[in-house]
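K.L.:
Okay, here's what each chain looks like letter by letter:
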Amino acid sequence: AQRVTQPEKLLSVFKGAPVELKCNYSYSGSPELFWYVQYSRQRLQLLLRHISRESIKGFTADLNKGETSFHLKKPFAQEEDSAMYYCALTSIQGAQKLVFGQGTRLTINP
Amino acid sequence: NAGVTQTPKFQVLKTGQSMTLQCAQDMNHNSMYWYRQDPGMGLRLIYYSASEGTTDKGEVPNGYNVSRLNKREFSLRLESAAPSQTSVYFCASQLAGGGEQFFGPGTRLTVL
Chain B
444 AQRVTQPEKL LSVFKGAPVE LKCNYSYSGS PELFWYVQYS RQRLQLLLRH
494 ISRESIKGFT ADLNKGETSF HLKKPFAQEE DSAMYYCALT SIQGAQKLVF
544 GQGTRLTINP
Chain C
831 NAGVTQTPKF QVLKTGQSMT LQCAQDMNHN SMYWYRQDPG MGLRLIYYSA
881 SEGTTDKGEV PNGYNVSRLN KREFSLRLES AAPSQTSVYF CASQLAGGGE
931 QFFGPGTRLT VL
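These protein sequences, in sequence, are chains B and C.
Residues 444 to 553, numbered by our numbering, are exactly what the first sequence covers, in order.
Residues 831 to 942, numbered by our numbering, are exactly what the second sequence covers, in order.
Note that these hints are calculated values from the structure, not bench results.
Bear in mind the structure is a predicted one, so any value in this text is a computation, not a measurement.
No more than 20 Å apart at the CA atoms, straight line, and that leaves these computed lysine-lysine pairs for PhoX-like:
{"hint": "1", "chain 1": "C", "residue 1": "K887", "chain 2": "B", "residue 2": "K540"}
{"hint": "2", "chain 1": "B", "residue 1": "K516", "chain 2": "B", "residue 2": "K465"}
{"hint": "3", "chain 1": "C", "residue 1": "K901", "chain 2": "B", "residue 2": "K540"}
{"hint": "4", "chain 1": "B", "residue 1": "K516", "chain 2": "B", "residue 2": "K500"}
{"hint": "5", "chain 1": "B", "residue 1": "K500", "chain 2": "B", "residue 2": "K465"}
{"hint": "6", "chain 1": "B", "residue 1": "K465", "chain 2": "B", "residue 2": "K452"}
Model the full structure from these sequences, guided by the hints.
P.N.:
As structure tokens, this is what we get:
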């Protein structure tokens with residue numbers, strides 16, 4: 444069965460500190476992994492996807508197939524990073540149904 | 831472009847009442863989706879439409895029906911609302927072939 448697990452419901456760090464939001468997945472096949480973000484009073488939007496291998500707003504995420512993980516990292520957190528973060532996966536082939544994790548609420552303290 | 835729009839933004843229903851949530855996109859996307867968001871459970875797929883004229887069940891379809899009216903519009907209907915359907919509902923669309931899904935602003939539904 445497809446499953447995405449985000450073990451931390453809440454994560455609080457100080458401005459300037461490193462941030463790591465954990466994501467583990469189970470999937471029998473080749474998934475595509477995403478991080479979506481929902482800022483306060485805004486709609487859910489894509490932050491990054493593993494096949495792009497790019498850094499968005501200073502965030503990066505590396506797909507580790509051996510550990511079935513796709514952790515989101517940023518070396519220096521900023522206050523504007525406070526938001527709800529969702530890890531999600533979909534099949535590379537066929538219908539593009541997203542399976543979401545439970546979400547992690549990240550709070551950056553000044 | 832408005833992107834993905836949803837109406838209404840808020841709704842309160844009594845148990846047993848029916849209603850339809852509307853979703854439209856102006857990006858000429860082929861695929862459209864309905865999710866529900868509940869605390870501690872993330873977003874779960876209710877129904878989706880891979881292309882105009884097709885619909886399929888997602889993870890939690892019970893109690894819902896959908897209609898892909900045309901390429902732009904994808905509606906979600908609750909025939910007999912139950913308190914367990916209290917949630918925030920999101921519509922999303924995607925260009926065929928995968929990639930980013932674009933989300934609407936959501937509809938907050940309360941069933942009393």
